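Given next are the chains, with one letter for each unit.
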Amino acid sequence: MLGYKELPFEIMQTGEFYYDLMKSGRIKIVRKIKDPVTLQDPCNIIRRAGASEKFRYFVNATCENFTEMTPNKEHNFCCNAGGGLAGLSNWAAHKARGNRVKAQQIKETGAKVVITPCHNCSTGIKDVIKYWDLGVKNVFFDEILVQTMDIPETLKVGK
Amino acid sequence: MAVKEKIVSRDFKEYVREVNPDVGLDESIKGLTPEKIEKTIKAVLGARTARIRAVLETCIHCGLCSKACQWYLSNDGDPSYAPVAKMRMTIWEMLKRDGKVDAEFIKQCARIVFTECNICHRCSMYCPYGLDVTFIIGLVRRVCFVLGVVPQRQMDQDHAHATTLNQVWLGQNDWLDTMQWQEEEVGAEYKDLRIPIDKEGAEVMWLPLGAEPKTGIYHIERTAKIMHAAGIDWTVPGKDVWDSSNMPMFLRDFATMQRIVRGLFDNAIRLRIKKMVLTE
Amino acid sequence: MFDFIRDPSLYNLVRGPLVWIAFFVFIGGSIFKIRAMYIMARNEKAVLPFINGKAALRSLLHWVIPFASRNWRLRWPITTLTFVFHIGLVFLPLFLLSHNILIHESWGITWWTVSEGFADAVTLLVIFSCVAFFLRRVFASEVKFVSSSSDFLILAISFFPFLTGFLAFHELLLPYKWMVILHMIFGEIMLMAIPFTRLGHMFYFFMTRTWMGSQFALWNSKDW
Ligand code: HEM
Ligand code: HEM
Ligand code: SF4
Ligand code: SF4
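Residue numbers (the numbering used here), protein chains in the order written: chain A, 1 to 159; chain E, 1 to 280; chain V, 1 to 224.
Isolated chain A (complex conformation) (with noise of 0.2 Å):
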């Protein structure tokens, strides 16, 4: 970030520090999402830092169904939301009507779920999906997760 280039700790997104907890056992993925999903790469996250095969582990392991967008990886479109973009609530039709090539590539998967790692995808997504009346779900990463990792029967109250 910023002009800093050594630092006592590591910087990472949640979904990178997601891959490194699936990587390394401390979470187990015991169900699959069964529906056709399709996956959002983030400029940020993606274009800027290079996590493009990271997400793919991720979707690959929770999700039975993944279709790629095209183009997709660090050649993918923006959400627009990005930028700043994403609090211009009173713009919304603006900025999906100018992103109908992400609509198209939505359409195109054939997916019932967008996947995003990110806020401000999710913020532009949504926008996308109703504004071109695409009928396909939005759903975080981390709710991915939560729905098909193990949560040991230990841990619960009552148990």
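Simulated from the structure, these hints should not be mistaken for lab results.
Please read these numbers as outputs of a predicted model, since none were measured by experiment.
Hints are not guaranteed to be accurate.
Unchecked claim - Restricting the straight-line Cα-Cα distance to at most 35 Å, the calculated cross-link-like pairs of lysine-lysine (DSBU-like) are:
hint : chain 1 : residue 1 : chain 2 : residue 2
1    : V       : K144      : E       : K96
2    : A       : K28       : E       : K225
3    : V       : K222      : A       : K137
4    : E       : K13       : V       : K144
5    : E       : K191      : A       : K23
6    : V       : K54       : E       : K274
7    : E       : K67       : A       : K126
8    : E       : K67       : V       : K45
9    : E       : K191      : A       : K32
10   : E       : K225      : A       : K126
11   : E       : K100      : V       : K45
12   : E       : K67       : V       : K144
13   : E       : K214      : A       : K130
14   : E       : K67       : A       : K107
15   : V       : K45       : E       : K107
16   : A       : K73       : V       : K45
17   : A       : K107      : V       : K144
18   : A       : K126      : E       : K239
19   : A       : K130      : E       : K107
20   : V       : K45       : E       : K36
21   : V       : K222      : A       : K28
22   : A       : K73       : V       : K222
23   : A       : K73       : E       : K275
24   : A       : K126      : V       : K222
25   : A       : K73       : V       : K54
26   : V       : K144      : E       : K107
27   : A       : K137      : E       : K67
28   : V       : K144      : A       : K73
29   : E       : K274      : A       : K156
30   : A       : K130      : V       : K222
31   : E       : K225      : A       : K130
32   : A       : K156      : E       : K225
33   : V       : K144      : E       : K6
34   : E       : K225      : A       : K23
35   : E       : K225      : A       : K137
36   : E       : K42       : V       : K33
37   : A       : K32       : E       : K274
38   : A       : K32       : E       : K225
Following the hints, put chains E and V with the ligands in place on chain A, whose structure we already have.
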């Protein structure tokens, strides 16, 4: 869908847009004087650094970046949405007219840089020279920010950051309150579930997006569950800054931006954590 | 040079001193511009520490090889056009028989040359590319919107040495001698214009790619 009223730009006949009222643009330009505009432009663009020059003196106006931009593609190849066009309609014109532009022009610039570019860097990947168009967009944003011409909701978030160091005007006690409330809430289901606040030496410091404790509480719930299930030694900071978003960075409000970054790092150093996990 | 002192005709002027001046301005100006950019980059502290030589090289290679980057593939017609244009523009003059003869007359050295027929064909291709670029500037909306007179000027600067060279070779339009004089003048204008117009992209290209290649490497990503 209702057909909205259109405006044709006075300066560029190709720039045709729907009218989209925004107090931050429409009202704030009323206080601008030509002198103020010229002074600001010269202050921001005056020191022609390597990165500005490299873009301005290399760009061959070839338009190969246009199809990189989702705005351009989504609007049927409207030339005024191309990345290079965004430079043409803002910085080139400012420099050509030596800063002598009027308030209406600044408003148009603000609309272009704040609502029609996502700083996504895709154009830099498609320009044969790898020119950083976003750097130029950032400079124009800086000009508009210094002049106070920013869409209202973005400016409001910036003010929230400047005042409370988070984007949603959440006071420190509300933040702590929310964390404790969530701890109780999720803790009712799971044994020994904690949301440790200000735990020194924890392995992981988790930082939410400002909106989560306000309107996205379920994210905090899920995070607590994930951390608990994985048995992570984690913590959230009890002092500002805990919001990982940074609107001032996007508006090029450097002073507030630096305060946020410093605040996050100070928390990390203070708590001697090993990993900083950011939602944004 | 001495021919000019003995016989100060227009031909000897453009054949002698002006060639020297042109090369001096071209090389000196380029060095000056590159140095100025380097010093500016050094003063702007956030540039040089982030340069990553290996990443820069990889990025450069993907963009100087035709179709090695995604945009070169997506825009294949323009890519073909621009590579034909640039290879002709940069390498043909170096390996042209007539240029080599002139160099031989002056310094007594020669190197490998291409056949006249081949040179002629490449010249025509470059002329054709210039026309195509011109049409693109006039008719393609995204290019038209950002074109100004300077764009047409630099296109013309690149175009006329080839046109006049071709006409001279085939002794068309004007008497050979006059056409060659015109050609030399245009060639010299082009050389002198390179450092001081956006034709300077010839060397800035390598610098901007170095910067963006390093940026993307820092971001664990790639820019092609
Ligand atoms: C700097 C001074 C230059 C001089 C003195 C010069 C001189 C000449 C001469 C004497 C010819 C011979 C014409 C013939 O075949 O009878 C020629 C041809 C040619 N020159 Fe140059 N030239 C110069 C610069 C350039 C430059 C900068 C370019 C292009 C980038 C160029 C491109 C050509 C081409 C393409 C031909 C040949 C056309 C053909 O064979 O169809 N010249 N030049
Ligand atoms: C070896 C170094 C050079 C490199 C790497 C280079 C690279 C490029 C690139 C990437 C473009 C943009 C793509 C396009 O529009 O086709 C371009 C355009 C152009 N270059 Fe070069 N170039 C070099 C040398 C030159 C020279 C020596 C000249 C002429 C004196 C020149 C004249 C032009 C012109 C006129 C255009 C614009 C075409 C248009 O109108 O779109 N280039 N160059
Ligand atoms: S950075 Fe801006 S101009 Fe460039 S592709 Fe993204 S949205 Fe378009
Ligand atoms: S691709 Fe690069 S050089 Fe061409 S117009 Fe866009 S920014 Fe300028």
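Hint numbers the structure violates, sorted upward?
-> none
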